[in-house]
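Protein sequences appear in the order of chains A and B.
Mapped onto our numbering, the consecutive letters of the first sequence carry residue numbers 1 to 170.
Mapped onto our numbering, the consecutive letters of the second sequence carry residue numbers 1 to 512.
Hint data in this document are derived by calculation from the structure and do not stem from the laboratory.
Being a predicted model, the structure only gives us computed values, none of them experimental.
One thing to keep in mind: the hints can contain errors.
Which bits of chain A does chain B cover? Going by a derived footprint, with three or more residues having C-beta under 8 Å, they are [unchecked claim]:
1. 2-9
2. 16-29
3. 50-62
4. 126-137
5. 147-153
Just so it is clear, CB atoms sit at the ideal spot from N, CA and C, and this is done for glycine as well.
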Amino acid sequence: MLKTLRTIAGVGIVSESPPEPDDELRLRDALQAQIQSVLGRALAIRAVDSGSCNGCELEIHALNNPIYNIEGLGIRFVASPRHADLLLVTGPVSWNMAAALKRTYEAMPDPKLVVAVGDCGCDGGVFGRSYACAGPVSAILPVDVAVPGCPPSPQRLLQAILTAIRPRRA
Amino acid sequence: MALTRWWSRGERLAGKPSGALLAVEPQEWLGVATDVAAAGGQLLALWATRYPDCSPAALVRAAYLVDGGLLVAQLPVADPAHRYRGLQELYPAAARMQRAAADLTGILSDAADRRPWLRHAAWAPDQHPLSAPPPIPAAPAVDDYAFVRVEGEGVHEIAVGPVHAGIIEPGHFRFSVVGEKVLKLEERLGYVHKGIERRFTELPLLDGHRLAARVSGDSAVAYAWAYCQALEGMTGTAVPPRALWLRALCLELERVQNHLGDLGALGNDAGFAFGLAQFSRLKEELTRAIGATLGQRYLLDAVVPGGVAVDLQDQAARTLAVVLARTSSRVRELHAIYDDHAGVRDRFAGAGRVEPELAQRLGLIGLAGRASGQGSDLRVDSPWPPYHVITPKLCMRRDGDVAARVAVRFDEVEESCRLARALLSELPGGALAAPVPAAVAAPLGVGVIEGWRGPVLVALESREPGRIHRCHAHDPSWQNWPVIEHAVMGNIVPDFPLINKSFNLSYSGHDL
Chain A
1 MLKTLRTIAG
11 VGIVSESPPE
21 PDDELRLRDA
31 LQAQIQSVLG
41 RALAIRAVDS
51 GSCNGCELEI
61 HALNNPIYNI
71 EGLGIRFVAS
81 PRHADLLLVT
91 GPVSWNMAAA
101 LKRTYEAMPD
111 PKLVVAVGDC
121 GCDGGVFGRS
131 YACAGPVSAI
141 LPVDVAVPGC
151 PPSPQRLLQA
161 ILTAIRPRRA
Chain B
1 MALTRWWSRG
11 ERLAGKPSGA
21 LLAVEPQEWL
31 GVATDVAAAG
41 GQLLALWATR
51 YPDCSPAALV
61 RAAYLVDGGL
71 LVAQLPVADP
81 AHRYRGLQEL
91 YPAAARMQRA
101 AADLTGILSD
111 AADRRPWLRH
121 AAWAPDQHPL
131 SAPPPIPAAP
141 AVDDYAFVRV
151 EGEGVHEIAV
161 GPVHAGIIEP
171 GHFRFSVVGE
181 KVLKLEERLG
191 YVHKGIERRF
201 TELPLLDGHR
211 LAARVSGDSA
221 VAYAWAYCQA
231 LEGMTGTAVP
241 PRALWLRALC
251 LELERVQNHL
261 GDLGALGNDA
271 GFAFGLAQFS
281 RLKEELTRAI
291 GATLGQRYLL
301 DAVVPGGVAV
311 DLQDQAARTL
321 AVVLARTSSR
331 VRELHAIYDD
341 HAGVRDRFAG
351 AGRVEPELAQ
361 RLGLIGLAGR
371 ASGQGSDLRV
381 DSPWPPYHVI
391 TPKLCMRRDG
401 DVAARVAVRF
411 DEVEESCRLA
421 RALLSELPGG
431 ALAAPVPAAV
441 AAPLGVGVIE
451 GWRGPVLVAL
461 ESREPGRIHR
471 CHAHDPSWQN
481 WPVIEHAVMG
491 NIVPDFPLIN
501 KSFNLSYSGH
511 DL
């Protein structure tokens, strides 16, 4: 126990400040600014892997580490779509996952946001569109914000999430 | 003894050192499998390939790890309607590989289980993606899968997935339980089938490594290296020493990154959030150092045909060595904390146990195999350069439970940090890559690399200059997924996430 406490004290607080939103990642404005400002204070995210190579998941996991400390910003990952405001989707969307992805989206209460993650979520990436892949997330769901990268860094992911929940700045 | 005959009849295989390609007649197919099993060997992969307008119309290949080498048996299938002899009785892991081969190529085994495996509702049963690409579906569709039912008083089913509660890949688990106890688990996978093997055939031969790295993103270095090993063998390319050393460095860094992530997640699943916080911090620190020195946080584009696309200056090498030394000593401290924590110990010990005898029979391989007394690690058993110089130590446990899989990870983090530092200190100078000719000397090459999860295999075939005819990628998860069904029997449902995490198998690498 003493070792545990000593480690906690020794490491201290390592969290860094979050990045600013980036309007260039925004594909559409679905929500009123007013609602966005409310969601911005406490947001629940449901993450769905709809066909990813699992590379994007490694970086999404990093958002929960003490350095990015996403929970410290009032944002947390939830287990049920019924509790979620934002759907974070990695792609490409495989046809075998497309129905499950749609059902997850439909189970979320309105208003809801969708963030597409990674090169594959944005345009199908190296896998493209085929008998097995529907391609980008936007082929199945309305996407509000899309963040490219293979995989996108945690900073970029955080920026995309913050862009989705903060009103356009212009 | 019997095996010597097959080895001597085999031709040299391009790619993995100490590999042989053995053309067999239908009556010999089972004999090879039997002799390999008798010699304590394992089936690593099984796949089929169609050859339109050729004779034979198809080949089925089985790659065995035996005697520290790779023996690839090659069976001709003259008539695609003919059923070849399945290997599932000798190697239970073959069952799903045979079903997948049937879905993708239409070449069927004589095994009794005819249910589709990778095919859900996206294409029709009479269509075979590796024969001719099925049309793009118009809309998402779902199908019914014939799960095996367990009946009896008080038995009920719990269906989980494909969308899971955490940030993990999708798959379906069907539990049959009595109270809290699991009587049976049946997995259904294939949800992230992306048509990878079809996609390979549309890519130039010298470009396939990018897709290979994305078969399973957490094992990108292993897959890209296996692809390049096959390609370099086929084209007779000699990779410069500096590139080989850097590839091995990347492979060990990938191992450490994944193990750190898993050790944190396992602590968390046992209710010890401190573990997740500390390990995820260490992982981030290392990942940042990798990004700062090698230019990529995750090394998805480090290994390229002929060499590497990353380099290290002396100062960067020193920085990385310091971070690795610090990681190693921090992990040792955290190991002591995990070992001292009664709650963690209680959850880890005895959970999801796979006895060595069962592990051997089911063909459990890689990290999970080493936690169940299966002392196999290709870096140790059949070292390829530079592992013939930088000798890794085998990390093994015999208990086969979550605690053993955790312990192997702790040992391997330390060992990989040591190897990575040794590689850094002895990094040879010279070129980073050699040119790779587009023309191949051998039409088939097979690369096998011990990734963090276990051995990954890439079998590459080219019949026209610069083109890929077939590329089969095999993840050790094929062997280990069926073993989880055994590991959870008799455990309680709430321990499943912990047991599953302790294996941490790939869905993407399996579903292709």
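Here's how the hints hold up against the structure:
no. : hint    : result
1   : 2-9     : holds (count 4)
2   : 16-29   : violated (count 0)
3   : 50-62   : holds (count 13)
4   : 126-137 : holds (count 9)
5   : 147-153 : holds (count 3)
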